[in-house]
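The primary structure of each chain is shown beneath.
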Amino acid sequence: MQLVQQILFVLISSVAIFLFIKKISEIRRNILLGKEADCSDNSGQRWRNLMLNAFGQKKMFKNPLVAALHFFVYAGFIIINIEILEIILDGITGHHRLFSPVLGSLYSILIGCFEVLAFTVLIACVIFLARRNIVKVKRLNKGELLGGWPRSDANYILTFEIVLMSLFLIMNACDLNLQQLHSAHYVQTDAFWISQHIAPMFNGMSETTLMFIERFCWWAHIIGIFVFMNYLPYSKHLHVILAFPNAYYAKLEAKGKMSNMKDIQNEVLYMMQPELAPTDTDPNAVMKFGARDVTDLSWKNLMDAYSCTECGRCSASCPANETGKKLSPRKIMMDTRDRLEEVGKNINLNREFKDNGKTLLHDYVTVEELRACTTCNACVEACPVSISPLDIILQLRRNLVMEESNAPQEWNQMFGNIENNMAPWKFSPDDRDAWVNAG
Amino acid sequence: MNVRTYAEYQANNETPEILFWVGCAGSFDQRAQKVTKAFVDILNHVGIQFAILGKEEMCTGDPARRAGNEFLFQMMAYNNIQTMNLYQVKKIVTTCPHCFNTLKNEYPELGGNYEVVSHAVYLQQLMNEGKLKIKEDNEFKGTKITYHDSCYLGRANGVFEAPREVLQSLDAELIEMKRCKTNGMCCGAGGAQMFKEEEEGETRVNWERTAEALETGAKVIASNCPFCLTMLTDGVKNKEKEEEVQVLDIAEMIARGIPKG
Numbered sequence: 001m002q003l004v005q006q007i008l009f010v011l012i013s014s015v016a017i018f019l020f021i022k023k024i025s026e027i028r029r030n031i032l033l034g035k036e037a038d039c040s041d042n043s044g045q046r047w048r049n050l051m052l053n054a055f056g057q058k059k060m061f062k063n064p065l066v067a068a069l070h071f072f073v074y075a076g077f078i079i080i081n082i083e084i085l086e087i088i089l090d091g092i093t094g095h096h097r098l099f100s101p102v103l104g105s106l107y108s109i110l111i112g113c114f115e116v117l118a119f120t121v122l123i124a125c126v127i128f129l130a131r132r133n134i135v136k137v138k139r140l141n142k143g144e145l146l147g148g149w150p151r152s153d154a155n156y157i158l159t160f161e162i163v164l165m166s167l168f169l170i171m172n173a174c175d176l177n178l179q180q181l182h183s184a185h186y187v188q189t190d191a192f193w194i195s196q197h198i199a200p201m202f203n204g205m206s207e208t209t210l211m212f213i214e215r216f217c218w219w220a221h222i223i224g225i226f227v228f229m230n231y232l233p234y235s236k237h238l239h240v241i242l243a244f245p246n247a248y249y250a251k252l253e254a255k256g257k258m259s260n261m262k263d264i265q266n267e268v269l270y271m272m273q274p275e276l277a278p279t280d281t282d283p284n285a286v287m288k289f290g291a292r293d294v295t296d297l298s299w300k301n302l303m304d305a306y307s308c309t310e311c312g313r314c315s316a317s318c319p320a321n322e323t324g325k326k327l328s329p330r331k332i333m334m335d336t337r338d339r340l341e342e343v344g345k346n347i348n349l350n351r352e353f354k355d356n357g358k359t360l361l362h363d364y365v366t367v368e369e370l371r372a373c374t375t376c377n378a379c380v381e382a383c384p385v386s387i388s389p390l391d392i393i394l395q396l397r398r399n400l401v402m403e404e405s406n407a408p409q410e411w412n413q414m415f416g417n418i419e420n421n422m423a424p425w426k427f428s429p430d431d432r433d434a435w436v437n438a439g
Numbered sequence: 001m002n003v004r005t006y007a008e009y010q011a012n013n014e015t016p017e018i019l020f021w022v023g024c025a026g027s028f029d030q031r032a033q034k035v036t037k038a039f040v041d042i043l044n045h046v047g048i049q050f051a052i053l054g055k056e057e058m059c060t061g062d063p064a065r066r067a068g069n070e071f072l073f074q075m076m077a078y079n080n081i082q083t084m085n086l087y088q089v090k091k092i093v094t095t096c097p098h099c100f101n102t103l104k105n106e107y108p109e110l111g112g113n114y115e116v117v118s119h120a121v122y123l124q125q126l127m128n129e130g131k132l133k134i135k136e137d138n139e140f141k142g143t144k145i146t147y148h149d150s151c152y153l154g155r156a157n158g159v160f161e162a163p164r165e166v167l168q169s170l171d172a173e174l175i176e177m178k179r180c181k182t183n184g185m186c187c188g189a190g191g192a193q194m195f196k197e198e199e200e201g202e203t204r205v206n207w208e209r210t211a212e213a214l215e216t217g218a219k220v221i222a223s224n225c226p227f228c229l230t231m232l233t234d235g236v237k238n239k240e241k242e243e244e245v246q247v248l249d250i251a252e253m254i255a256r257g258i259p260k261g
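Line order of the protein sequences matches chains A and B.
Going by this note's numbering, the letters in the first sequence line up with residues 1 to 439, in that order.
Going by this note's numbering, the letters in the second sequence line up with residues 1 to 261, in that order.
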């Protein structure tokens, strides 16, 4: 019987890990569909950003209470993984509490700490659920988060964590009862800090019942973790992994700097100084300007999309969104991910991308949204996981204007004025210094 | 008004200390011209040898680039860089944060390498060096002032303290808005919005921001950007507060605080 359990465990964990790696490689492939972007300079600063913004969650602390709660969930997530190591080793070897004899009295303290963490995670998740569904925090109940998958996704994650933590605590409570009954296989430990208060609920139950509950919780907990792991890549919860590389590869230059388009720079240079133009260029080469679809964006933009946790801090700080315009930076990120997933599925199906008549621009992100952006960088500043929705918006705008000549009439006039009068307004360039002698 | 162009300096075999980049708004917009003149007053008061490019200055290309027209931006950048490199410009000071951002962050990789300073930082430096002193009985003494961070000086380039320190010199009462510094709210003009009608929404960005500024009870809304100046002035008019509340550039305020002559 024990052996069957061990084999079953190894089988389940292998399948779970295999599926997880498969999906993660698919996401990696999708991200690499993006254009090259060099984000490898100045590694010292990049590591600092990773430590501060990903590990330290610096941006979250603009709201200290929420930040503290989120930090508990995150610390719990990371530290409880140590306990999961024991659970996995127990599962494979058929032992029970493998580390207990090795660590002695320290073991109970360690488990006690995990329990405290588990309990805080549980409380924090309950509060988060309440914020979403009862208090109805505005940014979590707005626009693209009003219904459907994104809303359910968030609630599933929180519920899942609550269930996992409860299973862990109930398992330990039953374990303590079994220890009191001196049940074989159940190693004697000191009382655990949290579960000793839950244990009385199970007093008076028979050894078999207790064992059944304990085993059920153990299996449900570890299978739950495997399920959750495989749920990650489909969910906004993927940020627990991608927040780290995303912080590392985030832009280091001044936020106000727009990316240069070398092709156009050269084009203008050759127009002004034809003697510099290379003679061996391919006359049939087609230049494409800006981004029309996800594959025109950089891999960093695409990683941004997979890193987004849909918290909506960007949209809450967006002046356009706040004043009722259609633009929502969060939607830009969700659209990018949705479209990239669609492209990914298309590739899985056809081995290579087959045009399905859709593009990120127009089919996902509309012109009206793009036109509303003031490039104020509030969204970039607000994002806790170092995403730049602005970078995507500007690349889509470039495509609109340069590939489709799609600009509002006022902008076309502004372009004309700059071209002819060297100023965005219709004034004569000869009057540029007229202010010197005026009044 | 004592203003000379780079060409005039060169004709006399002289080199100015700084190039004052006036910008399109500062050159043509009647309201922004007042800021330009105020800044010139300060420069002359301190006795800085400065030059403008005059008719040779062109739009930096900022609104074209942010609207998506990279060709036009590159054309303007090419011409401006040609002009400035020809004059061997070393240091630029500008009263427009959009020009500042483009000149400082976007021209270097196109071959335009200059030390670029915003007027806020330049004024702060002049004060720290003791070259610029404010009258003790200036008109803003004790006045409630709120400072609006422009996106392109603030978030885009991380300049938050210099303009505030400059305002402190007026011995005024500086009150922060609910959202300021990194959390500051845009006036609604950036990203070439200045040159088009706002998209449809519930309200206007500048009305929303102006409401925040008025909430502080300040008598002066201080800004550092010609576009913010326009947007906030319109906002104040919309709330019918133009009799009580002034919208001013920090250069104008400092110019009023120095002895005349």
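Note that these hints are calculated values from the structure, not bench results.
Hints may contain errors.
The calculated DSS-like cross-link candidates involving lysine-lysine, where the alpha carbons are at most 30 angstroms apart (straight line), are [as the list claims (entries may be wrong)]:
| # | chain 1 | residue 1 | chain 2 | residue 2 |
| --- | --- | --- | --- | --- |
| 1 | A | 62 | B | 55 |
| 2 | B | 55 | B | 178 |
| 3 | B | 178 | A | 62 |
| 4 | A | 262 | B | 144 |
| 5 | B | 91 | B | 181 |
| 6 | A | 142 | B | 196 |
| 7 | A | 23 | A | 62 |
| 8 | A | 251 | B | 181 |
| 9 | A | 142 | B | 181 |
| 10 | B | 239 | B | 181 |
| 11 | A | 136 | B | 178 |
| 12 | A | 326 | B | 181 |
| 13 | B | 55 | A | 326 |
| 14 | A | 257 | B | 144 |
| 15 | B | 219 | B | 55 |
| 16 | A | 262 | B | 196 |
| 17 | A | 326 | B | 239 |
| 18 | B | 181 | B | 34 |
| 19 | B | 237 | A | 326 |
| 20 | A | 138 | B | 178 |
Sample of chain A residues facing chain B (criterion: CB under 8 angstroms; computed from the structure) [what the hints assert, rightly or not]:
| # | residue |
| --- | --- |
| 21 | 20 |
| 22 | 23 |
| 23 | 48 |
| 24 | 284 |
| 25 | 288 |
| 26 | 352 |
| 27 | 407 |
Glycine included, each C-beta is placed from N, C-alpha and C at the ideal position.
Results of checking the hints against the structure:
no.	hint	result
1	62/A x 55/B	violated, 47 angstroms
2	55/B x 178/B	violated, 42 angstroms
3	178/B x 62/A	holds, 14 angstroms
4	262/A x 144/B	violated, 48 angstroms
5	91/B x 181/B	holds, 26 angstroms
6	142/A x 196/B	holds, 27 angstroms
7	23/A x 62/A	violated, 34 angstroms
8	251/A x 181/B	holds, 20 angstroms
9	142/A x 181/B	holds, 26 angstroms
10	239/B x 181/B	holds, 24 angstroms
11	136/A x 178/B	holds, 22 angstroms
12	326/A x 181/B	holds, 26 angstroms
13	55/B x 326/A	violated, 41 angstroms
14	257/A x 144/B	violated, 34 angstroms
15	219/B x 55/B	violated, 37 angstroms
16	262/A x 196/B	holds, 28 angstroms
17	326/A x 239/B	holds, 25 angstroms
18	181/B x 34/B	holds, 26 angstroms
19	237/B x 326/A	holds, 26 angstroms
20	138/A x 178/B	holds, 18 angstroms
21	20	violated, 37 angstroms
22	23	violated, 36 angstroms
23	48	violated, 16 angstroms
24	284	violated, 21 angstroms
25	288	violated, 12 angstroms
26	352	violated, 30 angstroms
27	407	holds, 7 angstroms
Hint compliance for this structure: hints 1, 2, 4, 7, 13, 14, 15, 21, 22, 23, 24, 25, 26 are broken, all remaining hints hold.
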